[in-house]
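**Student:** One letter stands for each residue in the lines below.
Protein chains: 2
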Amino acid sequence: MAKQIKTAIQPARDEDYPEWYQQVIKASDLAEKSPVRGCMVIKPWGYAIWENITQTLDAMFKETGVKNAYFPLFIPLSFLEKEAEHVEGFAKECAVVTHHRLEQGENGNLLPAGKLTEPLVIRPTSETIIGDSFSKWIKSYRDLPILINQWANVVRWEMRTRTFLRTSEFLWQEGHTAHATKEEAVSRTKMMLDVYSKFAEDYMAIPVIKGEKSASERFPGAVDTLCIEAMMHDRKALQAGTSHFLGQNFAKASGIRFQSDKEQEEYAWTTSWGVSTRLIGGLIMCHGDDDGIVLPPKIASSQIVLLPIIRKDADRQNIMEYCETLARELKEITFAGRKISVETDDRDIGGARGWEWIKKGIPIRAEIGPRDMAENSVFMARRDRPHREKTSVKRDKFVSDITGILNEIQNNLFNQALSFRKDNTVTIDDKGDFYQFFTPQNKEKPEIHGGFAMSHWCGSEKCEEKIKEDLMVTIRCIPFDNNENEKGKCICCGNDSSKRVVYAKSY
Amino acid sequence: MAKQIKTAIQPARDEDYPEWYQQVIKASDLAEKSPVRGCMVIKPWGYAIWENITQTLDAMFKETGVKNAYFPLFIPLSFLEKEAEHVEGFAKECAVVTHHRLEQGENGNLLPAGKLTEPLVIRPTSETIIGDSFSKWIKSYRDLPILINQWANVVRWEMRTRTFLRTSEFLWQEGHTAHATKEEAVSRTKMMLDVYSKFAEDYMAIPVIKGEKSASERFPGAVDTLCIEAMMHDRKALQAGTSHFLGQNFAKASGIRFQSDKEQEEYAWTTSWGVSTRLIGGLIMCHGDDDGIVLPPKIASSQIVLLPIIRKDADRQNIMEYCETLARELKEITFAGRKISVETDDRDIGGARGWEWIKKGIPIRAEIGPRDMAENSVFMARRDRPHREKTSVKRDKFVSDITGILNEIQNNLFNQALSFRKDNTVTIDDKGDFYQFFTPQNKEKPEIHGGFAMSHWCGSEKCEEKIKEDLMVTIRCIPFDNNENEKGKCICCGNDSSKRVVYAKSY
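In order, the protein sequences belong to chains Z and B.
Just so you know, the working numbering puts 84 at position 84 of the first sequence, and the rest follows in order with no gaps.
Just so you know, the working numbering puts 935 at position 428 of the second sequence, and the rest follows in order with no gaps.
These are calculated hints, taken from the structure and not from any lab test.
Glycine residues also receive a C-beta, built at the ideal position from the N, C-alpha and C atoms.
Each hint should be verified, as a subset may be incorrect.
Taking lysine-lysine pairs in the BS3-like style, the calculated list, with each CA pair at most 30 Å apart, reads [said to hold, decoys possible]:
(1) B:717 / Z:67
(2) B:589 / B:643
(3) Z:67 / B:1006
(4) B:819 / Z:139
(5) Z:331 / B:540
(6) B:819 / Z:252
(7) Z:312 / B:646
(8) B:769 / B:743
(9) Z:339 / Z:312
(10) Z:139 / B:533
(11) Z:82 / B:705
(12) B:901 / B:838
Pair ranges (Cβ atoms, derived) [stated by the list, open to error]:
(13) Z:343 / B:615: 53 to 61 Å
(14) Z:324 / B:523: 38 to 46 Å
(15) Z:498 / B:621: 41 to 49 Å
(16) Z:33 / B:616: 31 to 39 Å
(17) B:767 / Z:216: 22 to 30 Å
Selected chain B positions facing chain Z (Cβ under 8 Å, derived; list incomplete) [unchecked claim]:
(18) 540
(19) 543
(20) 570
(21) 580
(22) 617
Construct the entire structure; sequences and hints are all you get.
**Tutor:** Structure (structure tokens):
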């Protein structure tokens, strides 16, 4: 038997993936559970990732003409009820505000008081409240398109929660647009999916498949839901972003009407699209390894940590000065649209220090001891390489090469993830093979099986439902790059099919 | 009688200040009332100001070592109860979540269902929920200080609301720090007040008085509340930011303990500090005039609007190209840490177009017609000058001077506001004069009177209360730059006093 190599995170991914996930979050200091059921505390190291995500996406949205605004946290119950499918989709997970005061009860305890005449729902999403504003803002075709985005917190009262992936409160952005024509709205829906896909691949280093949801997986009230789907390291799919074409459903519900250029009163065509702190969960599960998270340099909380090695007190001042000068120089360099962020950690805690930064996933660690200083160099380690692999680099070369090194790490992470997805994506045409693909072969490691199956689907909800019941596998999307001419037989019923879809277990 | 000059905003400030305020917000398209009681919709032109405020302050906070994080929207009732004064201060205005589901009632209406075992309060402020995290994060003096900030929405159920100034939901930042010593916490409280004061004066162009609140005006649970106070154009005071030294009150309530360097268990010393979207209300009332808002260039939603004047269709292409090239060049220029933002408005709506931008308060309007183009110039108007005053400026000079012009406008706004405050700040030592100062002399314009009265106060809550009852005037702050050696007599009771304070009506 091979010797068990101890990893920084226990258990390793292959031993118990869900537990590995929780332990990585803890070890990397990204977030923690809060005393409020299902709500998380996003700690500074995790929040910094979110800040980079928001800044990058915000700029990308604005380039397409989108402007930010802010709408109320509360949605009157009557608003939510305006769109039947919509309210049905969210009724089971709404936090409801019923009182606006606290009063001392008979036993001295505080009790809710001041009952509201109409209960308020905390926004699970804002189509209805934003729709109300749109109905006032839009009078004529000249007011269109309206392109709005909101960065906000939303609440969906989930019964089973998991940090970042599914929490009762989460942070997100929600874009809402209104257009004069169907074509324009459809094209905006696709445009925003392209923004998400570009962001996921270029910044998060997460390869994604773009496609369309089947009817049963659509956003409640949408005509069409587009999505990007990514493969996590346990081979499950994560929906990383969605863009919805809402047709005229919400325009009719909220009365978003306009005078057309032909002087006719028409309903607007609307879209909505969003990504959330869930992306951070995807980041962890796409790039993390058995030593912790691995942060893609372009959205890393910080890119570089300097680790001064001070063996004698007499060396301290010189080494610290060397580090400070180096840090100052590095911080002047722009990478991925932002100044490089540099940490200096001079805590005297031995080997634990280096491991802390490995677990935190910082792209580059640079040790600086008396010898490195004497040689005018740094001792560099990269998070995308084995932790023991360290290289002595001349200080000036380190500075001048730094954006190149960061880009190389970024690309390596993307390519690794892409290879992994390719290795675990299988074209399956036989029903038996399909069932076997999604059935755990090793009872001790039930997590390790399956992947993405590219199989034919006849289009019937019945087949979709059957596969879901039998295997807990769903259609993640009908990919855009489908070979539309390829005919085949539905993997479930054997009837004619004109398209392959992505089947997978999912988060 | 002088001829009545019609202004863009009706009524003018001197006619009906509160109504002027609402009309300015409407005319400038900053925000609107929402269908949810007391909640506002912040429209793109208003939200862009908030984005600039947050970006600027965020960078200033980070320079002092503060890091961002995010804590739950919900606070368990039992947490709020931990600090007695705190809960008393907020109990009357808490939105309370009591259910987590909606269910169809007998008549088909949706009703709240799934009653929570413990009601959750929507954060009015986060001392107690963040204190809980701090109690887990802090073990030893080595973990201190902890310097955290959160950008978030909070809810205080106000009975009388006013856009930006007092809304049930508002956006803010709340900083929370924990320290090993009292001195360090006190010094952090002052440091953050200095940040606010610098930001208000340098970016918002709002002169502020720094000082300490009297006991009755303190934050519920604080040992000491520091504040910055600004004078609005109706001579009332606006509290523009507060920084609280919380002593060990919240540390005791939340159990924030640490092992000191002398190996003793001690309670930490904490601070909290915040500014909110209320600042935008202050901006409107400090700089706005009878033609609309006037935005200080450093935090303006946009600095420049180009207004092509196209009289013949044949000119359109050339003029638009001229504008586009100019806009591109201007957008490359950095001003106050950000790229200059430029709008181009080619709507053919006559004089209404220019007035719209005046009402929106954009610092610079530049008209570009065929003659301007032929002369390679622009026809520039500045929002800090009369609207008819326009100057022809050579295009290249316009570009090369732009940051200088913007800085000049910025300084003008600050100096105007400072003069106005000086003109309306009076040292008063006679009780009769004091009462007259705060009593409207003209019944038709009750808003126009008073200002800041620098008068002596003996320190008793009774005198403070009496003045408040008689005149609705409160002690805004005990200013730091008080002449401490100046002895005097309390303006209310005539007893000995060692300090002048700022008395004013306030928002």
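**Student:** Determine for every hint whether it applies to the structure shown.
**Tutor:** Do the hints match the structure? See the list:
| no. | hint | verdict |
| --- | --- | --- |
| 1 | B:717 / Z:67 | 35 Å, violated |
| 2 | B:589 / B:643 | 17 Å, holds |
| 3 | Z:67 / B:1006 | 49 Å, violated |
| 4 | B:819 / Z:139 | 28 Å, holds |
| 5 | Z:331 / B:540 | 44 Å, violated |
| 6 | B:819 / Z:252 | 41 Å, violated |
| 7 | Z:312 / B:646 | 28 Å, holds |
| 8 | B:769 / B:743 | 50 Å, violated |
| 9 | Z:339 / Z:312 | 33 Å, violated |
| 10 | Z:139 / B:533 | 17 Å, holds |
| 11 | Z:82 / B:705 | 48 Å, violated |
| 12 | B:901 / B:838 | 18 Å, holds |
| 13 | Z:343 / B:615: 53 to 61 Å | 58 Å, holds |
| 14 | Z:324 / B:523: 38 to 46 Å | 59 Å, violated |
| 15 | Z:498 / B:621: 41 to 49 Å | 44 Å, holds |
| 16 | Z:33 / B:616: 31 to 39 Å | 36 Å, holds |
| 17 | B:767 / Z:216: 22 to 30 Å | 60 Å, violated |
| 18 | 540 | 10 Å, violated |
| 19 | 543 | 5 Å, holds |
| 20 | 570 | 12 Å, violated |
| 21 | 580 | 5 Å, holds |
| 22 | 617 | 6 Å, holds |
This entry does not satisfy hints 1, 3, 5, 6, 8, 9, 11, 14, 17, 18 and 20, going by the numbered hints stated previously.
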